[in-house]
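Based on these hints, arrange chain B on the given structure of chain Y.
As a plain string of letters, each chain reads:
There are 2 protein chains.
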Amino acid sequence: MEIGIDTFAAATFNDTEDKATRNVNAIAKLLERIEHADQAGLDVFGIGEHHRKEFLDSAPTIILAAAAARTKRIRLTSAVTVISAADPVRVFQNFATLDLISNGRAEIVAGRGSFIEAYPLFGYKLEDYDALFSEKLNLLLKIRDNETVTWSGKFRAPLTNQAIYPRPVQPSLPIWLGVGGTPQSFIRAGTLGLPLMVAIIGGETHRFRPLIDLYREAGAKAGHAPDRLKVGLHSIGYVGNTTREATNDFYPGYAETFTKIGKERGWPPVTRMQYDAQTGPTGALLVGSPLEVAEKILRHSEALGGISRVTFQMDQAALPQQKLLKSIELIGEQLIPLISQHSI
Amino acid sequence: MEIGIDTFAAATFNDTEDKATRNVNAIAKLLERIEHADQAGLDVFGIGEHHRKEFLDSAPTIILAAAAARTKRIRLTSAVTVISAADPVRVFQNFATLDLISNGRAEIVAGRGSFIEAYPLFGYKLEDYDALFSEKLNLLLKIRDNETVTWSGKFRAPLTNQAIYPRPVQPSLPIWLGVGGTPQSFIRAGTLGLPLMVAIIGGETHRFRPLIDLYREAGAKAGHAPDRLKVGLHSIGYVGNTTREATNDFYPGYAETFTKIGKERGWPPVTRMQYDAQTGPTGALLVGSPLEVAEKILRHSEALGGISRVTFQMDQAALPQQKLLKSIELIGEQLIPLISQHSI
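Sequence lines, in order, name chains Y and B.
Quick note on our numbering: the first sequence kicks off at 1 and runs consecutively.
Quick note on our numbering: the second sequence kicks off at 345 and runs consecutively.
Bound-form chain Y, shown alone:
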């Protein structure tokens, strides 16, 4: 099982620095965390895509390229690329270039995005939400699988025997489908035989089993071998020396961030009781000691019929850099060996 970190490159709002310097520091610290994750033996680092003040990740491949230049082994992925609002030609060019820079460590997680600000920014209508994703994914896969492409669709100019460069060094650049809770998305991923990255950021993880079954059934029906139908989990999580330390450290920033997002989305404010439930044995939050979180990951994997990648998103709780670096270390030095011993 691969273990990694996802981030949305949160902007910090520290009043002792001016705004521009703050953002330079936030990016420098993020790059430091990626280097640290590489050295600690984590498998993958992912960067989201948002187009809003709170996050610095509107151009995730730019940050990934900087990370590629400073790392040796860790795989570098988007989490997710909002392909619905992007041009698949540019997306492919960016990731293919990243693949050359990183010597074959680039991956794409393609999704529709959980925020919606990209749609009006790039001139798309929310009523085309599904049609956009379907068409752009189709083109992206076509470009991945063919150097020269002939294609036409509704949302982008046609291509007529046109070649897209550069080509990546990996024979087939990995493209995952990033999904939330829409059954149709699970079925689409299975039918296409694409690996699936499921964002489970709240509730109880095992409840996603029926959706994951839909994915595996659709994949089998379409004739894809079971080993191609990989499932990954994007989680919110943070590992500390002890479960008590980890949950207490993580709570204040977590509560603030999710209460704020909740206002926009109509969720109730976060409470400690609800948080404690979600950091408990069946809850989605991977917060605790290395041992407790390792056991939880294995429990989740069993409940979901086997998962092959888990990522922790830990930096939305505004924890100090030293705590985040320490958490990455604990994941690399303690959690990963525990998982390796107990998974096949």
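No wet-lab data here; the hints were simulated from the structure.
For glycine and all other residues, C-beta sits at the position ideal for the given N, C-alpha and C.
Be aware that one or more of the hints could be misleading.
Covered, in the sense of this in silico footprint (three residues per stretch, anywhere, with C-beta under 8 Å from a C-beta of chain B), are these stretches of chain Y [stated by the list, open to error]:
hint: 1; stretch: 65-75
hint: 2; stretch: 89-99
hint: 3; stretch: 120-133
Straight-line C-alpha distance at most 25 Å; calculated SDA-like pairs for lysine to any residue [said to hold, decoys possible]:
hint: 4; chain 1: B; residue 1: Lys-416; chain 2: B; residue 2: Glu-379
hint: 5; chain 1: Y; residue 1: Lys-142; chain 2: B; residue 2: Ala-364
hint: 6; chain 1: Y; residue 1: Lys-154; chain 2: B; residue 2: Phe-499
hint: 7; chain 1: B; residue 1: Lys-498; chain 2: Y; residue 2: Arg-90
hint: 8; chain 1: B; residue 1: Lys-363; chain 2: Y; residue 2: Glu-35
hint: 9; chain 1: B; residue 1: Lys-667; chain 2: B; residue 2: Gly-624
hint: 10; chain 1: B; residue 1: Lys-363; chain 2: Y; residue 2: Thr-148
hint: 11; chain 1: Y; residue 1: Lys-154; chain 2: Y; residue 2: Pro-120
hint: 12; chain 1: B; residue 1: Lys-607; chain 2: Y; residue 2: Asn-161
hint: 13; chain 1: Y; residue 1: Lys-29; chain 2: Y; residue 2: Thr-16
hint: 14; chain 1: B; residue 1: Lys-667; chain 2: B; residue 2: Asn-369
hint: 15; chain 1: B; residue 1: Lys-416; chain 2: B; residue 2: Ala-384
hint: 16; chain 1: Y; residue 1: Lys-125; chain 2: B; residue 2: Ala-501
hint: 17; chain 1: B; residue 1: Lys-469; chain 2: Y; residue 2: Ala-157
hint: 18; chain 1: Y; residue 1: Lys-19; chain 2: B; residue 2: Arg-417
hint: 19; chain 1: B; residue 1: Lys-498; chain 2: Y; residue 2: Glu-117
hint: 20; chain 1: Y; residue 1: Lys-125; chain 2: B; residue 2: Gly-650
hint: 21; chain 1: B; residue 1: Lys-373; chain 2: Y; residue 2: Asp-18
hint: 22; chain 1: Y; residue 1: Lys-19; chain 2: B; residue 2: Gly-624
hint: 23; chain 1: B; residue 1: Lys-416; chain 2: Y; residue 2: Thr-148
hint: 24; chain 1: Y; residue 1: Lys-142; chain 2: B; residue 2: Lys-363
hint: 25; chain 1: B; residue 1: Lys-486; chain 2: Y; residue 2: Gln-341
hint: 26; chain 1: Y; residue 1: Lys-53; chain 2: B; residue 2: Lys-670
hint: 27; chain 1: Y; residue 1: Lys-154; chain 2: B; residue 2: Lys-469
hint: 28; chain 1: B; residue 1: Lys-469; chain 2: Y; residue 2: Arg-90
hint: 29; chain 1: B; residue 1: Lys-416; chain 2: Y; residue 2: Thr-21
hint: 30; chain 1: B; residue 1: Lys-486; chain 2: Y; residue 2: Tyr-124
hint: 31; chain 1: B; residue 1: Lys-416; chain 2: Y; residue 2: Glu-35
hint: 32; chain 1: B; residue 1: Lys-670; chain 2: B; residue 2: Glu-376
hint: 33; chain 1: Y; residue 1: Lys-19; chain 2: B; residue 2: Leu-485
hint: 34; chain 1: Y; residue 1: Lys-72; chain 2: Y; residue 2: Glu-329
hint: 35; chain 1: Y; residue 1: Lys-72; chain 2: B; residue 2: Lys-416
hint: 36; chain 1: Y; residue 1: Lys-154; chain 2: B; residue 2: Asp-472
Chain B alone, transformed into the frame defined by chain Y:
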């Protein structure tokens, strides 16, 4: 005067490696040259944008971001960004992110491109060549100068009070206009008060004086202070220990590349006699010893009424990496001090 290097990230066609590995190595060597230029004290490194097999620079900001992570002082620019075929929102996001990563070292040279493959690839018509550039440049400048933008045009969806993030750390991200020989382009740059990057890749440099006068006159007429009306020179050049060594080293690859490009554009094949004329005292090619090239740059500067940046494009002649690194060193250690002593 600032001295730098420009590159198109040429793919190499070395038969002893497989194609994908070749491209990984070509990018790794390019990054090594940028690091070397940073350490040797060069001021700027630029990467072009092309969408064809021979060049690996379809996503130049991705390469620049990797370079940013490995360098400390050198400024990082496009050379040029084909904004006519791009979305100015994405262009700005890429460069603003690069600016954060590099702590304020990002610049854009915006141009129309000297090749035309970007137009059909991104669904634009060559008949809109000038209208596209003008509209996209206008939007790019608006985004640079305002966090929140309201805008509408012909070639991109409108923006209504929409904010573009992240914001760069430089208070005003430098945007140059990259021009070839079109008088209208020089006038546009002057009228807008933008610094001008002139590509002079053949002929005699002093012959560009009337065009540069057009730029300065248009700038003065529009009320821009003379010190805002900077002129830079993108040149083909290569510095060796002696002029004889440099010109002989550079010729074979230069002749091959420009004969090939010439076939596509209807130019006659390159001859040694023509090459010798262009490497001579008034010719555009900056090939020679540090002293000879320094003198030539100062001569060009005087002939053009003062230039504030010169870049060398040296890697299209397929010279070995050691020669290119040595040339960068000679520029940093010998040519730059000579220029500093003699220019104001």
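Against the structure, the hints:
no.: 1; hint: 65-75; result: holds (count 6)
no.: 2; hint: 89-99; result: holds (count 7)
no.: 3; hint: 120-133; result: holds (count 5)
no.: 4; hint: Lys-416(B) <-> Glu-379(B); result: holds, 9 Å
no.: 5; hint: Lys-142(Y) <-> Ala-364(B); result: holds, 19 Å
no.: 6; hint: Lys-154(Y) <-> Phe-499(B); result: holds, 16 Å
no.: 7; hint: Lys-498(B) <-> Arg-90(Y); result: holds, 21 Å
no.: 8; hint: Lys-363(B) <-> Glu-35(Y); result: violated, 29 Å
no.: 9; hint: Lys-667(B) <-> Gly-624(B); result: holds, 22 Å
no.: 10; hint: Lys-363(B) <-> Thr-148(Y); result: holds, 16 Å
no.: 11; hint: Lys-154(Y) <-> Pro-120(Y); result: holds, 17 Å
no.: 12; hint: Lys-607(B) <-> Asn-161(Y); result: holds, 22 Å
no.: 13; hint: Lys-29(Y) <-> Thr-16(Y); result: holds, 17 Å
no.: 14; hint: Lys-667(B) <-> Asn-369(B); result: holds, 16 Å
no.: 15; hint: Lys-416(B) <-> Ala-384(B); result: holds, 11 Å
no.: 16; hint: Lys-125(Y) <-> Ala-501(B); result: holds, 11 Å
no.: 17; hint: Lys-469(B) <-> Ala-157(Y); result: holds, 11 Å
no.: 18; hint: Lys-19(Y) <-> Arg-417(B); result: holds, 22 Å
no.: 19; hint: Lys-498(B) <-> Glu-117(Y); result: holds, 22 Å
no.: 20; hint: Lys-125(Y) <-> Gly-650(B); result: violated, 50 Å
no.: 21; hint: Lys-373(B) <-> Asp-18(Y); result: violated, 37 Å
no.: 22; hint: Lys-19(Y) <-> Gly-624(B); result: violated, 51 Å
no.: 23; hint: Lys-416(B) <-> Thr-148(Y); result: violated, 39 Å
no.: 24; hint: Lys-142(Y) <-> Lys-363(B); result: holds, 21 Å
no.: 25; hint: Lys-486(B) <-> Gln-341(Y); result: violated, 56 Å
no.: 26; hint: Lys-53(Y) <-> Lys-670(B); result: violated, 44 Å
no.: 27; hint: Lys-154(Y) <-> Lys-469(B); result: holds, 18 Å
no.: 28; hint: Lys-469(B) <-> Arg-90(Y); result: holds, 18 Å
no.: 29; hint: Lys-416(B) <-> Thr-21(Y); result: holds, 16 Å
no.: 30; hint: Lys-486(B) <-> Tyr-124(Y); result: holds, 21 Å
no.: 31; hint: Lys-416(B) <-> Glu-35(Y); result: holds, 17 Å
no.: 32; hint: Lys-670(B) <-> Glu-376(B); result: holds, 12 Å
no.: 33; hint: Lys-19(Y) <-> Leu-485(B); result: holds, 21 Å
no.: 34; hint: Lys-72(Y) <-> Glu-329(Y); result: holds, 17 Å
no.: 35; hint: Lys-72(Y) <-> Lys-416(B); result: holds, 20 Å
no.: 36; hint: Lys-154(Y) <-> Asp-472(B); result: holds, 22 Å
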